[in-house]
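Peer 1: Chain residues, written in single-letter form:
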Amino acid sequence: MNIENNIKTLFVKKPLKLDCGKTIDNFPIAYETYGSLNEKKDNAILVFHALTGDQFVTGLNPITKKEGWWSYAVGPDKAIDTKKYFVICSNVIGGCMGSFGPSHIDPHTGKVFGTNFPILTINDMVNAQLNLLDHFGIDKLFSIAGGSMGGMQVLQFISNFPDKSKTVVPIACTSSHSAQNIAFNELGRQAIAADSNWKDGTYSSNNTNPNKGLAVARMAAHITYLSKKGLQEKFGRKLQEREDVKFGFDADFQIESYLRYQGSVFVDRFDANSYLYITRAMDYFDLSKQFYGNLSNAFKATKAKFFIMSFTSDWLYPTQENKDIVIALNSIGADVGFVEIKSDKGHDSFLLDVPDFLSALKNFLDKSYLEN
Amino acid sequence: MKNEFQVIAELIENDKKVLDVGCGDGILMDFLKKNKNTNIRGLEISKSKVQECIAKGLTVIEGNAEKDLKQFPDKSFDYVVLSQTLQAFLDPELVIKELLRVGKKAIVTIPNFGYWKVRLHLLLKGTMPITKRLPDEWYNTPNVHMCSIMDFFHFVKSKDIKIFKSLAVSNENVSIIKDSNLPIKNLIADLGIFLIEK
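The listed protein sequences correspond, in order, to chains A and B. Mapping of the first sequence onto our numbering: residues 1 to 372, in sequence order. Mapping of the second sequence onto our numbering: residues 373 to 570, in sequence order.
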């Protein structure tokens with residue numbers, strides 16, 4: 001991967017104190033932008049990516065040569081219309097698409113950080129991303145949006161910087177990572193750690209990769225992004241290029257073959273240590289704990305307009321967890337709209353072609369922009 | 373027929389904070405926002421209607437009044453509006469209680485089951501009344517707790533709820549309901565509009 005040539009990078013000089021107590025400075029944030037910033041600089045939308053996303057929101061990802069992760073939602077005339085808005089997205093710190101992460105060289109040792117990289121939180125990620133606003137000279141964003149871990153960053157960002165965005169769109173997320181979510185993340189991490197190639201995170205010095213472990217982590221996670229109904233409809237008990245089962249452990253079923261494929265393509269684009277760091281950041285996310293158990297206080301200082309969406313078949317970040325955020329906002333009289341979108345596509349719905357979701361997102365943004 | 377929403381809008385002063393419970397596609401919300409500079413929110417149970425509201429740029433929460441009003445703090449709105457939906461709730465008494473907790477005042481409108489056409493329908497045809505305001509058959513109507521203007525009038529009085537204004541709507545006419553004319557208004561009006569406070 002020739003990362004350097006295709007990646008825009010902002011080097012942050014200002015020291016950033018992390019939640020773990022360590023301080024980082026002179027660190028890179030890799031970002032991408034779409035559309036153009038208007039003269040008043042009031043049309044910018046900061047998009048936050050989910051666990052395995054990156055800054056390449058839409059169009060062809062120059063590194064993976066695949067469509068950007070939010071191509072359905074972002075682009076000319078799409079829900080987040082890049083003819084109208086200036087979209088900024090950066091790779092989270094801890095990631096592996098150019099931002100400061102565990103695959104970088106530790107200047108003090110001259111070796112790859114690996115698990116010597118500081119533990120990060122969602123709070124650290126958004127604090128780092130605030131630097132992008134200064135970089136573009138944007139005083140106030142028109143909107144911040146993201147699904148899943150992106151939604152958690154949205155919530156943390158507006159809590160930290162209540163005046164920095166006019167509208168706020170957390171999608172299919174939670175204010176506090178549930179035991180079930182922590183459990184699935186732990187399963188992924190243990191799969192990586194169980195791969196003999198992982199070597200406590202020092203695999204890059206051996207020129208190996210814990211690909212098997214990372215692929216299993218991805219396979220397990222991928223199941224959680226879909227719904228039972230969606231899986232049943234798409235795969236059922238269909239067999240993979242065979243007339244009957246083969247009485248062995250090859251991928252007899254299409255679902256097995258599909259999951260193996262998902263695992264195998266994932267390891268080509270993702271770093272195992274980044275997976276550990278980012279899932280850990282998600283697990284540590286508990287916005288109400290930051291406000292001594294009162295989630296409403298996280299949003300007390302902001303006058304922003306919120307619009308929250310969840311999906312009927314999302315069992316990873318179910319509607320009730322999204323509604324808890326709505327309830328916290330209503331209890332302080334905040335401006336909040338909410339709709340649960342009907343979809344069989346599970347948690348992944350926010351990334352897919354779900355017309356009701358995309359039209360709601362577009363309508364909310366475009367109508368709010370008119371009121372600007 | 374004078375528009376119910378215009379009557380409601382006349383009861384609300386400019387620049388108030390209003391919650392429209394069961395806001396439907398947001399016509400009233402839109403009207404209040406544009407004409408009364410109302411800071412307006414809606415609560416609506418139907419996903420497709422919530423979508424229509426979003427398309428109008430209105431702030432709406434998908435939810436059920438019987439369950440979801442409790443998230444709003446006491447007296448957090450100047451007015452809470454409930455237009456022609458009270459009869460559809462399993463527990464209308466609870467909903468009225470919640471409206472009066474969340475709103476400083478509440479505006480409740482009810483299709484009048486005491487309206488003469490309704491009475492006549494049942495009397496002559498012997499079947500469940502179907503009128504312009506009550507268009508559904510008995511087996512598919514959402515209305516499980518029909519009441520008349522008189523029923524509602526007695527209900528609020530028995531619950532020590534203050535009535536600021538009660539209006540009878542029949543065709544073009546909007547008139548004031550008083551104790552003295554209650555039986556006649558209950559006969560000639562097909563819609564009652566009540567401004568109440570606990």
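To be clear, the hints were calculated from the coordinates, so they are not data collected in a lab. Treat each hint with caution, since some may be false.
[What the hints assert, rightly or not] Reference excerpt, derived from the structure (chain A facing chain B, CB under 10 Å, subset only): (1) LEU239; (2) GLU241; (3) VAL245; (4) LYS323; (5) ILE327; (6) VAL336; (7) ASN363; (8) GLU371.
[Unchecked claim] Stretch-level coverage of chain B by chain A, calculated; a stretch enters the list once three of its residues show a Cβ under 8 Å from a Cβ in chain A: (9) 415–424; (10) 438–448.
Glycine included, every Cβ here is placed at the ideal spot set by N, Cα and C.
Peer 1: All hints are to be evaluated individually against the structure, with a verdict given for each.
Peer 2: Verification of the hints:
1. LEU239: Cβ of A/LEU239 sits 37 Å from chain B, so the hint is violated.
2. GLU241: Violated, about 40 Å.
3. VAL245: violated, 41 Å
4. LYS323: Because about 8 Å separates A/LYS323 from the closest Cβ in chain B, which is inside the 10 Å limit, the hint holds.
5. ILE327: holds, 4 Å
6. VAL336: holds, 7 Å
7. ASN363: Check passed: Cβ of A/ASN363 comes within 5 Å of chain B, closer than 10 Å.
8. GLU371: Since chain B brings a Cβ to about 7 Å from A/GLU371, closer than 10 Å, the hint holds.
9. 415–424: With 3 residues close enough to chain A, the hint holds.
10. 438–448: With 4 residues close enough to chain A, the hint holds.
In summary, the numbered hints that this structure violates are 1, 2, 3.
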